[in-house]
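Participant: Here are the chains, one letter per residue:
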Amino acid sequence: MNEQNWAIQFRKGTLELCVLAIVGQEASYGYDIVQKLAAHGHLAISEGTVYPLLSRLLREGEIEAHWHDSPSGPPRKYYGLTAQGRETLRAMRQEWEQIARSMNDLLGGSGV
Amino acid sequence: MTSRQPQVAAYLDRLAQELEGLDPAERDDFLRELATHIEDALQQMDAAVPEAERVARVLERLGAPRHVGRAYVYERLLWLGWQRQSARLVVKGLMLGASAILVYAGLLAVLVGTVWAGVQSIAFGMRLAGVRGGLVFNDRALSPSTGAGLLWLAATVAGLWLLLAERRLLAAVQRAVARWADRLPDRRRLPLPVPGEGLGWWLFHALQALIFGLAVVVIGALVIPMACWGWSIVAGAVVHVRAEPFLALSGNADGVSLDFGWAFWTLLPLAMAASMWWQWFRVKRSRTT
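Heads up: the sequence lines are chains A and B, in that order.
The opening position of the first sequence corresponds to residue 1 in my numbering, with each subsequent residue numbered one higher.
The opening position of the second sequence corresponds to residue 1 in my numbering, with each subsequent residue numbered one higher.
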């Protein structure tokens with residue numbers, strides 16, 4: 001696995017948490033979510049992969065969606081967290097913090 | 001939107017091909033959302049850049065239709081796995097396929113029975129008309145005024161329609177079965193296989209190929225002897241050649257009959273192979289263009 005591939009896998013692994021976090025802050029539409037991810041540099045990912053993920057989260061009941069007219073463009077599909085999604089986000093955030101702590105300990109202790 | 005329209009439309013068309021087999025409403029909603037994304041992205045780009053280049057950049061960032069389609073299918077499979085309904089999906093898929101086969105088998109049985117009756121009448125009429133002696137055709141069995149002739153004509157029309165519109169008919173049967181399956185208590189939609197779902201996709205199209213092959217067998221067993229028989233009439237009437245050599249081509253020099261043996265073992269595999277190859281070619285073409 002070359003560097004590019006593992007970096008992509010890293011990002012993909014966190015994408016679901018990122019999307020839930022963005023949608024949890026405020027109702028957002030697809031392009032908006034993509035832009036917010038891109039604004040965080042290392043979280044940028046192929047834009048086309050965000051929409052399939054959104055469709056799955058929608059089917060799983062983590063998020064809800066509604067089409068709204070926009071004054072500055074075409075109608076947009078806005079996503080917001082459901083109660084189930086909020087609970088999932090809370091659990092994922094907790095898990096992420098534990099993993100991050102463990103990884104920091106491990107990497108710090110190894111002298112890398 | 002001017003020059004970018006064809007590029008965007010072509011992109012969305014290719015993506016639609018990748019998602020072939022999905023519920024149309026689900027697919028259209030996904031395509032609509034991506035079209036909105038493209039519009040938004042284009043509006044945010046530097047207007048000084050030529051439009052065609054802007055479109056190309058936006059589509060590049062979005063990813064190739066093949067990759068977006070695969071990502072969608074992948075997420076969909078994750079969802080199916082999450083629902084732990086793989087076994088239910090298999091049962092529903094088999095139910096769908098079996099129902100389609102049964103409906104088709106019923107139609108084909110009616111068709112074959114009708115054709116058989118008509119052909120037997122034709123063979124009998126040929127003897128009465130003295131076709132083998134090179135006389136002009138005056139077989140009353142083919143006349144719509146007789147019951148057998150009417151059935152034969154109806155069967156021929158139905159058979160040709162079946163051959164030409166097989167996919168449409170199959171799709172209609174599948175929709176009917178899918179609607180019925182959707183009314184089952186769990187209320188979940190029946191996901192049809194899409195390219196990328198591996199074995200499920202191939203099994204689905206193998207069933208279609210089998211149905212197509214059976215239709216070709218029936219039509220081939222009907223049309224080829226009929227063509228030979230028609231030539232015998234023309235030859236007999238115009239150049240006074242005896243009919244036997246032509247009738248022999250149909251497998252029965254004493255008259256025209258349906259010989260399903262050769263038709264089954266030659267036409268069925270060929271038609272199935274052609275159908276499967278066509279499905280595979282369509283997928284390959286949609287992924288390489």
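Derived from the structure by calculation, the hints contain no laboratory data.
Certain hints may be false.
To be verified - FRET-style restraints, in silico, Cβ to Cβ: (1) 26(B) to 80(A): 14 to 24 Å; (2) 9(B) to 39(A): 40 to 50 Å; (3) 25(B) to 82(A): 17 to 27 Å; (4) 273(B) to 17(A): 44 to 54 Å; (5) 29(B) to 105(A): 38 to 48 Å; (6) 105(A) to 56(B): 45 to 55 Å; (7) 92(A) to 26(B): 20 to 30 Å; (8) 48(B) to 21(A): 31 to 41 Å; (9) 96(A) to 269(B): 54 to 64 Å; (10) 102(A) to 49(B): 20 to 30 Å; (11) 92(A) to 74(B): 28 to 38 Å; (12) 21(A) to 57(B): 21 to 31 Å; (13) 93(A) to 13(B): 19 to 29 Å.
Fair warning: this is a prediction, and the values are worked out from it, not measured in the lab.
In this text, a Cβ means the ideal position worked out from N, Cα and C, and glycines have one as well.
Participant: Now, for every hint given, state plainly whether the structure supports it.
Facilitator: Now for the hints, and whether the structure bears them out:
no.: 1; hint: 26(B) to 80(A): 14 to 24 Å; result: holds, 20 Å
no.: 2; hint: 9(B) to 39(A): 40 to 50 Å; result: violated, 30 Å
no.: 3; hint: 25(B) to 82(A): 17 to 27 Å; result: holds, 21 Å
no.: 4; hint: 273(B) to 17(A): 44 to 54 Å; result: holds, 48 Å
no.: 5; hint: 29(B) to 105(A): 38 to 48 Å; result: holds, 45 Å
no.: 6; hint: 105(A) to 56(B): 45 to 55 Å; result: holds, 46 Å
no.: 7; hint: 92(A) to 26(B): 20 to 30 Å; result: holds, 26 Å
no.: 8; hint: 48(B) to 21(A): 31 to 41 Å; result: holds, 35 Å
no.: 9; hint: 96(A) to 269(B): 54 to 64 Å; result: holds, 56 Å
no.: 10; hint: 102(A) to 49(B): 20 to 30 Å; result: violated, 46 Å
no.: 11; hint: 92(A) to 74(B): 28 to 38 Å; result: violated, 20 Å
no.: 12; hint: 21(A) to 57(B): 21 to 31 Å; result: holds, 28 Å
no.: 13; hint: 93(A) to 13(B): 19 to 29 Å; result: violated, 40 Å
Checked against the numbered hints given earlier, the structure breaks hints 2, 10, 11 and 13 and satisfies all the rest.
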